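Here is what each chain is made of, one letter per residue.
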Amino acid sequence: GENVEQHPSTLSVQEGDSAVIKCTYSDSASNYFPWYKQELGKRPQLIIDIRSNVGEKKDQRIAVTLNKTAKHFSLHITETQPEDSAVYFCAALSGGYQKVTFGIGTKLQVIP
Amino acid sequence: KAGVTQTPRYLIKTRGQQVTLSCSPISGHRSVSWYQQTPGQGLQFLFEYFSETQRNKGNFPGRFSGRQFSNSRSEMNVSTLELGDSALYLCARFKRVNEQYFGPGTRLTVT
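Protein chains in written order, with the numbering used here: chain D, -15 to 96; chain B, 704 to 814.
Since no wrong hints were added, every one of them can be taken at face value.
Quick list of in silico lysine-lysine cross-link-like pairs, DSS-like style, CA-CA up to 30 Å:
1) D:Lys6 to D:Lys83
2) B:Lys716 to B:Lys760
3) D:Lys52 to D:Lys21
4) B:Lys760 to D:Lys26
5) B:Lys760 to D:Lys55
6) D:Lys55 to D:Lys42
7) B:Lys760 to D:Lys21
8) D:Lys41 to D:Lys55
9) D:Lys52 to D:Lys41
10) D:Lys52 to B:Lys760
11) D:Lys83 to B:Lys760
12) D:Lys52 to D:Lys6
13) D:Lys41 to D:Lys91
14) D:Lys6 to D:Lys55
15) D:Lys83 to D:Lys42
16) D:Lys6 to D:Lys26
17) D:Lys41 to D:Lys83
18) D:Lys91 to D:Lys52
19) B:Lys760 to D:Lys6
20) D:Lys91 to B:Lys760
21) D:Lys26 to B:Lys716
22) D:Lys26 to D:Lys91
23) D:Lys41 to D:Lys6
24) D:Lys42 to D:Lys21
Since the hints were derived computationally from the structure, they do not count as laboratory data.
Here the structure is a predicted model, which is why all the values come from computation and not from measurement.
Can you build the whole structure from these sequences, using the hints too?
Given below as structure tokens:
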């Protein structure tokens, strides 16, 4: 089955700096890679996603890159703000069976 | 409305007991997935139901089971509870192709 590794597990950055979270996956059939943000006490919410036919996608301060050959994808947050503090999960989904495998999560702390 | 309702929101059980959790996606959404979230293991996939049939299953022991009804509501059952089953149990439906929308979760504490 699919295995998704995510690192780092914790990340502290100064407000205004950039944050990068990296994930690798094992199943070459995976074709959809979402990123979820979970604030304390709340449900995970999708913030950005990328499909296997795209190398990069950007939405304001958030961007995701995908390297299919190396089987890794990354989340980039620029100009971080305190409200970016949360746990971020990467995930991979393969085929049409909608089985989603999540990474372990990264706790991001943005220091004002 | 992109809702998923989960009940109860909080639950305390004793080791050895069993528990049933409920999830109701908005009408018409036939796919429901369940996840267990713990601090050490992150989000782990339990199973997915589509039109009352279990379509995918994660690597959990047989004590974890589920079902889905014709109205898309789903239940998850855990028998012979263990301390390690304490977790947040999340239910999700697919809001659009591949994008999951999570419910608020049920916080289960086993003492």
